[in-house]
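Participant: Read top to bottom, the protein sequences are chains A and B.
Heads up, the first sequence is in my numbering, so the first residue is 1 and it goes up one at a time.
Heads up, the second sequence is in my numbering, so the first residue is 1 and it goes up one at a time.
The hints are all genuine.
Taking lysine-lysine and the BS3-like style, the derived pairs with C-alpha atoms no more than 25 Å apart in a straight line are: (1) B:Lys322 - A:Lys72; (2) B:Lys151 - B:Lys189; (3) B:Lys172 - B:Lys182; (4) B:Lys182 - B:Lys110; (5) B:Lys259 - B:Lys249; (6) A:Lys224 - A:Lys66; (7) A:Lys118 - B:Lys322; (8) A:Lys117 - B:Lys322; (9) B:Lys90 - B:Lys249.
Honestly, the hints are just simulated from the structure, not real lab data.
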Amino acid sequence: MLIQVEDLTKTYLVGTEEVHALDHVSFTVEEGEFLSIMGASGSGKSTLMNLLGCLDTPTNGRYLLKGTDVSKMNDEELATVRNREIGFVFQTFNLLPGLTALHNVEVPLIYNRVPRKKRLEMSLAMLKAMGMEERAHHRPNQLSGGQRQRVAVARALVNSPALILADEPTGNLDSKTTLELMELIRDLNRKGNTIVLVTHEPDIGAMANRTITLKDGKIIEDVKNAH
Amino acid sequence: MLIENILLALNSIISNKMRSFLTTLGILIGVASIITVVALIQGIFASIDQQIQQLGSNIVTIQPHIEAQSFADYMKNRPELTLEDADALKRLIPAIIDLAPVIGEGSQIKYAGKTRTTSIAGVHPQYQEINGQYVEEGRFITDLDLEYHRKVVVLGQEIVKSMKLGERPIGKSILIQNTPFKIVGIMEKRGSLFGRSLDDYALIPISSAIDLYGRIAGHFASIQFRVADMNQLDKVKQQCTTILRRRHKIPDNKPNDFKISTQEDIVKSFSKTTNVITAIVMGIVGISLLVGGIGIMNIMLVTVTERTREIGIRKAVGATRKNILSQFLIEAVTLSFLGGAIGILLGMGLGNLAAHMIPHFPPAHTPIWAILLGFGFSTGIGILFGVYPAGKAAALNPIDALRHE
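Full structure from sequences and hints, please.
Facilitator: What follows is the structure in structure tokens.
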């Protein structure tokens, strides 16, 4: 079991009123699964995504990643978990504009203290795997949306994380590149990567093997998708 | 990680050239102006110091001196040192060697219709050794000149130039107090100090000077001598004081009307002045670098806001608080260090330029301590004023930072 979530609750105080962005959510994710999390805006999927990505800590409940409880970790420890175990792919790509594709992919390896020479080798190999070798020395603003997202995927994968978290990864792409990126993500899953994809688009969510649907901070549906 | 952060800082500095330049401008100008001022002041100090060093170390100078309230007061009680005083010292104190009284007068000299007022000093042949200033061309005043009251003169180079004495002045005659003196030698060049030429003087035998001005011209006399044994210096000073007080009939409750100074005293009072001026300069250093530091903090704070998203991305992919803190701190330090380095070079250049442009100014001199201080201070300012923005950057919540547009 890669992810075990028990009674995960996140409460925000809005004025004097308590808002349950997540309300006692429990589920598990096996290694090698391709899960999509769906829901309208305000359903709590972003909050769940932040918790799964160790960007935030829950108000209540437990989150075990690879058997370790990360819900009680401090900032420093969470940063290390994000670095080693989680690869993010964002809707807005979130590449560093001042760095080339190669150096963007390199960033997680820097914080993992990989020696420089090895870092560059690994980053280049990862770009090659994404078919982006030719663009290694281009800056993000010299790349198309699809190319930027491929660089972002390369960055997410470079530390060989246990979990890939994709937050609306196709939100800024046209339909053709959306299909290409989804094919890439499914291919990664076939190679054994565990993927959690957050989206509000049913078509995209249906490409996963399993879909969890949230509403008002609660799971209302958890189904396997037939392909 | 340190090297990574320095490379990162350099990358960020290069990719934001204009912003980086503006950030360091305060530090740059501060350090540059300080180095310029220090270089000029140190140049003056070095030049004065060198002139003091030219005097021998075992030389004692006695000059007329009183603590006067005003010029009128001074003129009324004008102290005198006479040639008789000098003779008495020589006779009574065996440790004194090479005693050479100098009588000085401002006098008119004339040559080929030209007139100039310069200082005429009646000197002994030992003058050269005592003052460490030697004749360059021709010969100096000799014992025979002294004995026969010869009307010979040794000139400073400024006079040769301004009186248009030509290429070969030796052998020509000039008029001093309407008495013809034959030029026998030219002194070596001493340069200038505070824009005043140090070569504007003429030396004649002291016996001839007495003929010219009379023995009572003594109130402008100074007495120089050497002490054979340095260990006797204090004893000799004491003996001089006793003899001169008795000769000048000074009551016990009155101060001396002369001043005995050794080279050591001059160096001491000189370095006291040096320290005061240096302290003032240090004060200006502090203020201008503080202003530069606030400039750095200002722009770094703007930078943190501007780069909130970058910080969010870095945190998402695994940067810890410490990573972000050191990244921004190192960036601030690198900026201020570069500003300091450019400022030092610029300051040295400006100092030299200014020293060249101002006539008669001694060459600029930038001491190592000023360079180290420039580097140390600018780096320190970078740390001091970089900590707050860096701390602010490190404390950003990654979720909020990622959402920031």
